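In order, the protein sequences belong to chains A and B.
Residue 55 in numbering that gives the first Met the number 0 sits at position 56 of the first sequence; the count goes up by one each step and never skips.
Residue 101 in numbering that gives the first Met the number 0 sits at position 102 of the second sequence; the count goes up by one each step and never skips.
Keep in mind the hints are simulated off the structure, nothing from the lab.
Keep in mind that this is a model prediction, so the values were computed, not measured.
Errors might be hidden in some of the hints.
[Said to hold, decoys possible] According to the in silico footprint, chain B covers these stretches of chain A (three or more CB under 8 angstroms from chain B):
1. 0 to 14
2. 47 to 55
3. 102 to 113
4. 161 to 172
5. 275 to 285
6. 360 to 374
Backbone N, C-alpha and C fix where the C-beta goes; we use that ideal spot for every residue, glycine too.
There are 2 protein chains.
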Amino acid sequence: MIYLDNAATSFPKPEAVYEAVMHNMKNFGANPGRSGHKMALEAGRTIFRGREMVCKLFNIDDPMQIIFTSNATEALNLAIKGILEQGDHVITTSMEHNSILRPIKTLEKVGVENTLIQCDERGVLDPRLIQQAIKKNTRLIVTTHASNVTGTIMPIEEIGRIAKEHGILFLVDAAQTAGIYDIDVNALNVDLLAMAGHKGLMGPQGTGVLYIREGIEVRHFKEGGTGSKSQELFQPLMLPDRYESGTPNTPGIAGLAAGIEFILAEGLDKVRKHEEELTSYFLEGLKEMKKVKIYGPQDAKKQASVVSINIEEEDSSEIGYILDKVFDIGVRPGLHCAPMAHKTIGTFEQGTVRFSFGYFNTKEDIDKALEAIKSICEQI
Amino acid sequence: MIYLDNAATSFPKPEAVYEAVMHNMKNFGANPGRSGHKMALEAGRTIFRGREMVCKLFNIDDPMQIIFTSNATEALNLAIKGILEQGDHVITTSMEHNSILRPIKTLEKVGVENTLIQCDERGVLDPRLIQQAIKKNTRLIVTTHASNVTGTIMPIEEIGRIAKEHGILFLVDAAQTAGIYDIDVNALNVDLLAMAGHKGLMGPQGTGVLYIREGIEVRHFKEGGTGSKSQELFQPLMLPDRYESGTPNTPGIAGLAAGIEFILAEGLDKVRKHEEELTSYFLEGLKEMKKVKIYGPQDAKKQASVVSINIEEEDSSEIGYILDKVFDIGVRPGLHCAPMAHKTIGTFEQGTVRFSFGYFNTKEDIDKALEAIKSICEQI
């Protein structure tokens, strides 16, 4: 299969990721941070190495500020619900994923107000609208770094500046960009950074990360054994233990560390440039096809390697089905868990057919995708 | 290393578990339940197969009632906090792990009362005390199936009967027993069953399970993309989607399914008998050593394959350290995230040295452990 669904999860992983998972499971598959024997200590070092790798990639000083979660959704829930409380106001955008929208809608019930900034039909956000939406009780701004529907890159540098000027916390959802784009949490004034471990970071599924800037109070929502301060009946407040109750996904984190190491060795620039080239090449090829409607910026410099299209009025699921069955190409049709984004770009009914490229895709993959789309267009 | 720390995580795993993890990652590492292409569907089938395996082992009718979590702690948090609310009363025991005690202590702050039933110095629970503790507002009884400190098996059959008679929900923490003991949720009147995937079930770390009996309302605490009803801004209430937001740990669940399949093929009885034999053999060997104090029932029929000891007044961590460094034996000393259990058996200051056996341990392992303990005794 030609796998063009990297926005859902990256595939394949670097060989070193598979090896790291197996090496952990077969050689030191003990419980990290609990017992003190050799195998447990080695497992603990693996987890710590994972934290260090995340720090290296995002210019974070202290590995203790890195929280491992089971996915980006958990990281976003933890950040959003751990910060906002009754009387607070949060600003977000119409391009967000349900992992941001649903927690924010849920918080309405406990008296947390929200403003949803409308993006334009290409998913582009005007940062001045964020500035204008700020109220006295605005506690948090949450935006994705790049839309999972159109790939549209958000102006997080400007938003970070606005947030800092107003003393408002800034949470970025880097699910589509971590491991591909340069994100310096200090330079960009990002207070909290949530990400999936299994997309651009090339780790296994079952991994996510939340970075919390030092000094920010985030309430935890799970308590349990932390392997620390076991004598106390209340959750210890030190990081990262406060947020990491129970046995972690050690093989997953071993793989994630290997994934980030791979990216650092290849160079973030090289990864990004390759994906930009593929996106650009795909967009170029699509432009000749009159029946194809392309959404988003249509500019590889302004979008992550995610391209949403439709073919005339055809149902996106139908096109996805044909791409799979006839052409052996894997994409994701539908609403991509981001209903407001589809309302924003006018595809709430039809959905879109989303092509998303990864570092291991080639120009030949794109050629085959373009041929397939062309062939479908001819038969409609 | 002779690994005797299976109560923390089982090691090694059956070969089929490693293979299942790799097979998933390398051959169909797509996102399950999201896209509809071949690889995604195969990933989805893997998850479903995991649910079916859990059902088979615990006599559960409907795979949709199986919720995959990141560990037992998350499963327990979900159950405890999803059921209890202001004005409710919960009954639990003094032998519980912090993954039960800490959520229950946290709920005190929102007006959930609790009664902690005192077990005897061997960790044994008298079920009549549960009956006596029931109040008009008792909503939930939570007990472990077997203590992670002494291995003491709790009378869950009697407690289940009491709970059913009084219309009270019964949550069992099977972290130490799932995959080893026969747990029929229907016969035992267990309404909610929480477990780790990486202990007796022989799956990878990063996996846990919560079974919720049909019709029980459990509030979710994470919202996000579920791959279902994407158009809605509120979390869908159908199971298991309601509780499984974001990308699951597909390789972990693939491994867990293989682990359960292995257990079913070997036979639960065979697994339990082997562990009972090891425990019995270890207890027998210890009895000759006068400097050794053994905690718990000291009867392999009354305890899981977990044995806690101390050597005179020596610090448990020191003994754990010597076992590792000098004898290459991995155990877990300390409080085992269960402070009240240590108060119950009188070891809150000293902790205990915990030996826990798994299906892949042999009598030779036990012999070496006994020799090591004997040698330490002689040198003190």
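Against the structure, the hints come out as follows:
| no. | hint | in the structure |
| --- | --- | --- |
| 1 | 0 to 14 | holds (count 8) |
| 2 | 47 to 55 | violated (count 0) |
| 3 | 102 to 113 | holds (count 3) |
| 4 | 161 to 172 | violated (count 0) |
| 5 | 275 to 285 | violated (count 0) |
| 6 | 360 to 374 | violated (count 0) |
Hint compliance for this structure: hints 2, 4, 5, 6 are not met, and every other hint is.
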